[in-house]
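Trainee: Take a look at the letters that make up each chain.
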Amino acid sequence: MKPLADAFGDEAAAAAASRRQRGCPPPDRCWAVALGLSAWNDGERPHLSACPSCRSAVRRLRWRVRHPSWWTLQRATLGLLPADEAGEVRRHLEMDGCGSCGRRRQRLAGDEVVSFTAAVPLPDPRTWAAAGGGLDQAAASADGRLKAHLLGLGRDVILEVRTRDAALDGRLVACGCAGDDEEPLLAFAVLRPDVNGWFAAQVRWDASELHARLCGSCRGLMARVLEPGLLTAAETDALRASIDRDGPDERSMTAWRQWRERALVQPEPLSEEVRVVLRSHPGTSSV
Amino acid sequence: MADGTHAPWVAFVAEHWRPLYGYVRGLVRHEQDGEEITQESFYRTFVHWQEFQDATHARRWLYRVASNLCFDRHRRGDRRPRSLDRPGAGGRPSPEVAEEPGLPPCDVLILREALGRLPRHLRAVLFLRYYLEMDRAEIAEVLDRTAAAVNNWLHRGLMKLREMLGDMP
Chain U
1 MKPLADAFGD EAAAAAASRR QRGCPPPDRC WAVALGLSAW NDGERPHLSA CPSCRSAVRR
61 LRWRVRHPSW WTLQRATLGL LPADEAGEVR RHLEMDGCGS CGRRRQRLAG DEVVSFTAAV
121 PLPDPRTWAA AGGGLDQAAA SADGRLKAHL LGLGRDVILE VRTRDAALDG RLVACGCAGD
181 DEEPLLAFAV LRPDVNGWFA AQVRWDASEL HARLCGSCRG LMARVLEPGL LTAAETDALR
241 ASIDRDGPDE RSMTAWRQWR ERALVQPEPL SEEVRVVLRS HPGTSSV
Chain Z
1001 MADGTHAPWV AFVAEHWRPL YGYVRGLVRH EQDGEEITQE SFYRTFVHWQ EFQDATHARR
1061 WLYRVASNLC FDRHRRGDRR PRSLDRPGAG GRPSPEVAEE PGLPPCDVLI LREALGRLPR
1121 HLRAVLFLRY YLEMDRAEIA EVLDRTAAAV NNWLHRGLMK LREMLGDMP
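One line per chain: the protein sequences are U and Z, in this order.
Here my numbering is used: the first residue of the first sequence is 1, the next is one more, and so on.
Here my numbering is used: the first residue of the second sequence is 1001, the next is one more, and so on.
It is worth saying that the hints were derived from the structure and are not from the lab.
Okay, the calculated bits of chain U under chain Z, using three or more residues with CB under 8 Å as the criterion:
#1 6 to 13
#2 22 to 32
#3 58 to 65
Residues of chain Z clear of chain U, computed beta-carbon distances all greater than 10 Å:
#4 Arg1060
#5 Trp1061
#6 Val1065
#7 Arg1076
#8 Arg1117
#9 Glu1138
#10 Ala1140
#11 Asp1144
#12 His1155
Computed footprint of chain U on chain Z, listed as stretches where at least three residues anywhere in the stretch have a Cβ under 8 Å from a Cβ of chain U:
#13 1016 to 1023
#14 1039 to 1052
C-beta: ideal position from N, C-alpha, C; glycine also.
With the hints as extra help, turn the sequences into a complete structure.
Mentor: Right, dumping it as structure tokens:
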């Protein structure tokens, strides 16, 4: 019955067209991103920042198909998640009954997190000189053990996390920041001895990329010491990229290797995805 | 469907999202509700993805979930004010429609308007039969009805359409 098929086909096309007219990414792209097969590209990000409907749909989807990252659970613990995303995390923990994320969340509840509570404006690096030097912000954890300093330096934005607590030497520091779309940019580094009794870990982002990625404003910035057992598949790409980024720095790589050795033999089980990264990454497996 | 990667699932979404959204939006007649039900239907299908024998099996499940969600929402009266009372809103008619026996000659826009006035279950059965080309047994499974009931609904749906199209200018 061709007229009926045409009429229904026409309706389906009209329905899809209204979505396309709003500039929303195709639903299969949303799934690919939610499943971690792909990331938003530069053409899609401005729309996601501006379209509450897309943002909400992607958030809802993401935590129903994957385990939340430490970033999301930490923000949930601190009450910093938008209501719809907090609802989806709650659903993952309670309705889907994810016991491992429930335990992860409990272990993230504590004072040893540095959170920049106010939004940090990210000046366009091309105009830093005119803006008087760009970024320079500091914050500390509630228990005072960790201090963090965000600064713009040359073409980079650097987040330096410091402590005087020798017990934290060699521990993994997880850092994250996000723009309006709450899509976090995660990075990791290992604390190692610095000058004057300090231990420091540095995460470095390309300033132009960060500015474009967060659309000029960093709404959440956090850093904390993280046990390797709390890492999930959601963080393996960022972990791999962080090790790659430190590749040219021999002191950092030594710290990574030592951390890897400890992580692989610690009593708490590692997620399989994280174990694969640690075993196979050329930067850390060449000890 | 258990090949261990998510790529076939993403391809399945790309292939079926548009017709499913058209189906759901036609039943609930609300853009946002339509998007939510479509998304939820895909999610519930994704949860069982590894259990399907093939894409046809998965499609049948997808439409069954979507149909149940639409009819449940309607039964509960959980509806927002209608935003799509004119079923043709937002679309352009196709340039030509061939005349078929059984329905009077009409263009797509008029036919869409008539379809929009059909009761939901009749509209659903016509969509599944004539757009997705499901056979009666498949439709019976999707709508959780007997094949005889599906036959009856198809017949009544076409009859009603004929009457409506006969009344239209």
